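When you get a sec, could you build the whole thing from the sequences and use the hints?
The working numbering applies: residue 3 is where the sequence shown begins, and numbers increase by one.
Simulated from the structure, these hints should not be mistaken for laboratory data. Each statement offered as a hint is correct.
List of simulated lysine-lysine pairs, DSSO-like, C-alpha gap at most 27 Å:
id, residue 1, residue 2
1, 415, 33
2, 523, 424
3, 607, 424
4, 607, 677
5, 523, 646
6, 651, 690
7, 424, 294
8, 646, 690
9, 294, 33
10, 503, 242
11, 212, 161
12, 677, 646
13, 33, 424
14, 523, 294
15, 424, 651
16, 651, 523
Note that the coordinates shown come from a computational prediction; the quantities given were computed from them, not determined experimentally.
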Amino acid sequence: MQFQKILQKKWVYPLSLFLIMLIAYGLQITKLGFYWDDWQALYLSRFDNIRAYWDFFLFDRPISAWTYIITMPVLGLHPLAWQLFTLLIRWLSVMGLVWALSGVWPQRRWQVQWMGLLLAIFPGFTQQAISVAYSQHFITYALFTLSLAGMVAAALQPKKYWIFTPLSVIASLLQMLTMEYFAGLELLRPLILGFIFLSEKQNVRSALRKIFLQWLPYIITFALFFVYRFVLLPNWLPIKDQNAPVLLQQLISQPFSTLLQLIQVAVQDTLHTSLFAWINTIAPDTINLTSKFTLFSWVIGALVAVAIAWGSIICSKAEDQNTEPENKPHFTRQAILLGLAGLFLGGIPVWITNRSILVGAWSDRFTLAPMLGAIILIVALVDWLGRTPSRKAIMLAFLMGISIAAHVRTSDKYANHWQLQKQYYWQLHWRIPSLAEGTGILSPEMPFSYVSGTSMGFAYNILYDLEPDSTHVPYWYIEALRYRNSNVLADFLPDTPITYKELRNIVFEGNTDQAIAVNYKPARGCVRVMDPIYQDAPYLSDYPIYEGEIELYGISHTEQILAEPVGNDRLLTTIFGAPPVDDWCYYYQRADLARQQEDWDSITKIHNEADILGYSAYNGSELIPFIEGFAASGDFSRALDLTKQALSKTDGMNTVLCQTWTRIENRSSSNTDMKQAAAEVDALLHCKK
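Rendered as structure tokens:
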């Protein structure tokens with residue numbers, strides 16, 4: 003009984019909710035970083051003028067700039083701060099819904115709290131780790147749910163109407179003007195007000211009048227949003243509206259086929275959000291008994307599910323004893339109706355722009371609005387079918403357990419790819435101290451997941467342009483094979499323009515004569531600046547990519563790399579943490595830069611440091627700078643030993659090693675020791691002279 007009383011304390015649920023979210027999304031929170039559209043906001047933060055946010059977002063959602071204007075000065079470029087902030091804002095958005103529905107169904111505390119729990123760990127949205135970009139979405143979500151809670155409070159407490167209503171109306175308008183994701187859910191308001199007023203024993207006409215009067219301020223708010231979004235904003239945008247309601251426009255010209263398309267997408271997305279998002283968490287490929295982390299995720303999910311089910315059973319038994327039986331069907335009908343309406347209305351802003359949850363790499367963000375309807379519907383159905391508190395709790399806890407396990411695994415993937423980003427950018431720092439302005443950074447393929455080419459373009463500008471003053475950026479990353487034969491990059495030929503103007507007001511103008519190529523395949527070694535000396539080395543990329551990799555060497559100009567450091571060490575440490583110097587790649591990148599600068603003495607010292615610490619090359623090609631360094635320093639015996647190591651470490655090294663020794667011979671043609679070593683190399687590699 004004592005424990006039951008503790009569980010029913012008002013502070014227990016909010017705290018438990020946050021802890022569950024922290025387990026689902028934050029077990030590796032210190033290992034998470036920045037991804038995808040995070041980087042564009044981080045880049046804008048480097049400008050001294052806050053107008054940079056407005057100018058950037060003017061191309062689709064100008065008013066959304068306010069979220070970053072407020073948060074960026076506080077959170078800065080610290081990944082952990084952003085992860086915690088966005089998690090906290092998401093928690094607040096869930097609590098807003100719980101407060102709202104608790105007013106609608108005061109005798110259904112158990113069911114409402116389960117709605118909050120499932121909303122917090124809904125498995126269909128998998129991008130929580132993209133904290134900067136989605137901070138906007140969850141700020142907007144929190145404004146909506148808190149506005150909903152304020153509306154319910156105003157309806158239930160008429161004396162405080164003029165306190166709650168103005169605040170709720172402002173929050174409602176602000177969330178819609180910021181981004182239209184949750185605008186469709188605004189149409190749930192009359193339904194919720196109907197549950198409040200029509201449940202009273204009063205005249206229906208009187209109840210409808212109350213509903214209308216309570217809803218009226220929000221009708222006006224929605225009308226203002228409608229005028230802004232569909233009349234004013236399209237005329238302000240510098241380019242064609244990227245989120246235009248194209249499907250509504252098509253309904254006029256092709257009503258039958260468009261309506262059929264809309265129904266199909268709506269059914270598909272609704273089934274996914276309400277059913278398959280949960281089923282996918284237990285797909286066959288999620289069962290891997292050989293993976294310790296996969297097993298760990300299932301254990302964590304099971305432990306949380308058991309704990310929540312146990313606490314829920316204790317609380318629900320007490321609640322059911324105080325609930326009048328005749329009210330149960332009433333709640334079930336209302337919740338099912340609200341859930342179905344939420345699923346449909348939440349999807350409307352997505353569907354009218356001819357988008358779908360199921361199409362696109364980042365499209366599960368479109369579940370953010372309809373997932374509210376999905377969880378209300380699921381809890382209502384479980385409450386209806388479960389019959390006993392224990393059975394209901396077990397069914398809902400099962401859903402929670404499989405969802406948490408899935409999020410734990412997803413967070414691990416994000417953490418792993420953040421580690422790859424850290425390695426990539428620190429290695430670039432060692433290999434490329436600074437870059438000449440106008441440099442295009444070309445790569446045959448993306449080096450890691452959870453980012454885009456634009457993410458990396460912004461990252462390069464953050465790290466190498468420390469005082470930006472224009473959105474005509476001095477550097478840009480180009481996924482070369484993707485953009486080949488396009489208006490960005492016509493071909494891999496000399497003196498070919500590189501022009502990027504595909505993202506709002508960001509402009510890059512360069513030339514293949516001012517480009518460098520960079521490739522990274524973590525499983526095959528360190529980041530490689532594609533200096534032409536490596537052209538005949540074993541390829542990092544896979545077939546059929548490797549043909550494009552070869553061609554990129556022809557337009558990779560390492561003279562764009564400047565020796566004078568840009569001074570971004572502190573910035574790198576803020577974003578990525580301490581440099582991973584306990585790694586072979588630290589020594590390789592320093593040596594490759596020294597080779598480019600013909601600083602041969604430094605190369606030998608670098609190798610001796612790595613050798614003492616026990617580091618060795620991952621790839622035979624990574625020994626080439628050291629072979630040249632020792633040879634240039636007169637230690638041909640050591641150069642020969644490293645040649646043999648390179649040959650044994652990686653297949654297909656003969657040609658590039660022969661070319662390396664040709665350069666050595668050209669520099670030391672009269673040296674007897676060199677001639678002897680070169681002769682041994684020729685015999686070993688069968689070099690063709």
